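2 protein chains.
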Amino acid sequence: MQTEPVSAGDFDAAARDAVYRAIFTRRDIRGQFLPCPVPDPVLARLLTAAHHAPSVGFMQPWNFIVIRDAGRKAQIRDLVRQARAEEVRHVADDRQALYRSLKLDGIVEAPVNLCITCDRSRAEGSPLGRWHNPEMDLYSTVCAVQNLWLAARAEGLGLGWVSILDKDALKALLALPAHVTPVAYLCLGYVSDFADRPELESKGWRKRLALDELISAESWAGGGEDALKALIRSA
Amino acid sequence: MQTEPVSAGDFDAAARDAVYRAIFTRRDIRGQFLPCPVPDPVLARLLTAAHHAPSVGFMQPWNFIVIRDAGRKAQIRDLVRQARAEEVRHVADDRQALYRSLKLDGIVEAPVNLCITCDRSRAEGSPLGRWHNPEMDLYSTVCAVQNLWLAARAEGLGLGWVSILDKDALKALLALPAHVTPVAYLCLGYVSDFADRPELESKGWRKRLALDELISAESWAGGGEDALKALIRSA
Chain W
168 MQTEPVSAGD FDAAARDAVY RAIFTRRDIR GQFLPCPVPD PVLARLLTAA HHAPSVGFMQ
228 PWNFIVIRDA GRKAQIRDLV RQARAEEVRH VADDRQALYR SLKLDGIVEA PVNLCITCDR
288 SRAEGSPLGR WHNPEMDLYS TVCAVQNLWL AARAEGLGLG WVSILDKDAL KALLALPAHV
348 TPVAYLCLGY VSDFADRPEL ESKGWRKRLA LDELISAESW AGGGEDALKA LIRSA
Chain S
168 MQTEPVSAGD FDAAARDAVY RAIFTRRDIR GQFLPCPVPD PVLARLLTAA HHAPSVGFMQ
228 PWNFIVIRDA GRKAQIRDLV RQARAEEVRH VADDRQALYR SLKLDGIVEA PVNLCITCDR
288 SRAEGSPLGR WHNPEMDLYS TVCAVQNLWL AARAEGLGLG WVSILDKDAL KALLALPAHV
348 TPVAYLCLGY VSDFADRPEL ESKGWRKRLA LDELISAESW AGGGEDALKA LIRSA
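Quick mapping for you: the protein sequence lines, in order, are chains W and S. Residue 168 is where the first sequence starts when you use the working numbering, and the numbers rise one by one after that. Residue 168 is where the second sequence starts when you use the working numbering, and the numbers rise one by one after that.
By construction, these hints were calculated from the structure, which means they are not laboratory data. Some clues are possibly wrong.
Since the list gives no way to pick one copy over another, a pair counts as held whenever it fits inside one copy or between any two copies.
[Stated by the list, open to error] DSBU-like mimics (lysine-lysine), calculated; alpha carbons at most 35 Å apart, straight line:
1. 338 <-> 240
2. 338 <-> 270
3. 374 <-> 334
4. 240 <-> 334
5. 374 <-> 338
A quick note: this is a predicted structure, and the numbers were derived from the prediction, not measured.
If we strip away everything but chain W, and leave its shape as in the complex, we get (with noise of 0.2 Å):
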């Protein structure tokens, strides 16, 4: 049996680091989409990186719906305009004026649009890992959708995850079935730009978290890891 850790020399350090650029690069992107098209060798590739998500008993439960019809993608950013004219009420009122100036989608101007979805349904008479948590097909779900834009942001190509929609109203649009959901609805080009920090933080929305106050050990708010929390403030 092998017993040494496979690590050393598996990604070296500049293997590593790109990795970990994509991470700390990546976007979510509203109004940096420019019109150049997306090539689809580019975006078969991006959708291989989905595929290849994990999946709780490898139920593979996604399909990817790929929207390029500009008059589908009015309709679609119509029901956001609706949706965001909805939820704007139930911000706190210091807040409205900020949540009206920003800009929430780039529906129409991203040339590719897609819409990943989650068969509940495909895995039925053989739950693995699915049967006290019935919800980790949608989690599966949502791993593609982290693979995809960690591949884009390495593509050099921006995405946006749009999520004020109503969902039935997204479901009859697209004609899903009762049995699939749409867990994402994503915007997709080539940018101008990577901002240097997540929009809603520049913009005065929320303040990035320290995240050594995250930490816990063992339980929750159980005291410990000392060391690892001092690492992370002195990075």
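Please build the complex by placing chain S on the supplied structure of chain W, with the hints as guidance.
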């Protein structure tokens, strides 16, 4: 305004390939953990990668519970044993022997276990992207899991997501407050190897689906995207 995409020169071919390699060679580890410890600087980098996941409304709803205590791990392993005994009763008769033969967690062997939670109340009073889809905070937390998983792969560490668990029992054991949901229970450590294929594929639980059959155009089952599908089939 910048109108040229940033793609060229941002990630060169080697950097891009490193990201894809992490995505394609990531495995859900159950039986390959080695006892060597995970150094704090490595764990700090992995948690920082998770903390830089996208989150709805920049809510950062996650917390990280680091579990190293053998007694605590044994308690959670016992929860998994009980849950397996419950789940297997719902598996089709002709697959129960295969189910029973699978190693489905490495809780005791992995030097570090992590519970990644979602604080459902962290953005109260300021919904952004969650009024219509309140589950978006759970999905953000899953993005943090996937960031950590890919960073671990690039560090040569394996990770396994254990979902055969009664969530209420886990909540009680880890003393989570009512408004906090355990999204992922993870086993982390160096490994003897990363298998070429997912274990549930090589052991015959399920087959890899054909990606081109999961793609449609403009709507569910909408025809089109023939060039894209042909590229994927020929890859």
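A quick look at each hint next to the structure:
In this homomeric assembly, residue 338 and residue 240 come within 35 Å of each other (Cα to Cα) only inside a single copy, at 14 Å, whereas the closest approach across copies is 42 Å. For the homomeric pair residue 338 and residue 270, the shortest alpha-carbon distance inside one copy (24 Å) is at most 35 Å, but the shortest distance between copies (38 Å) is not. For the identical chains of this complex, residue 374 and residue 334 are neighbours both inside a copy (29 Å) and across copies (30 Å), given an alpha-carbon limit of 35 Å. Taking CA atoms no more than 35 Å apart as the test, residue 240 paired with residue 334 passes inside one copy only; the shortest distance there is 15 Å, against 39 Å between copies.
In this assembly of identical chains, the alpha carbons of residue 374 and residue 338 lie at most 35 Å apart whether taken from the same copy (34 Å) or from different copies (28 Å).
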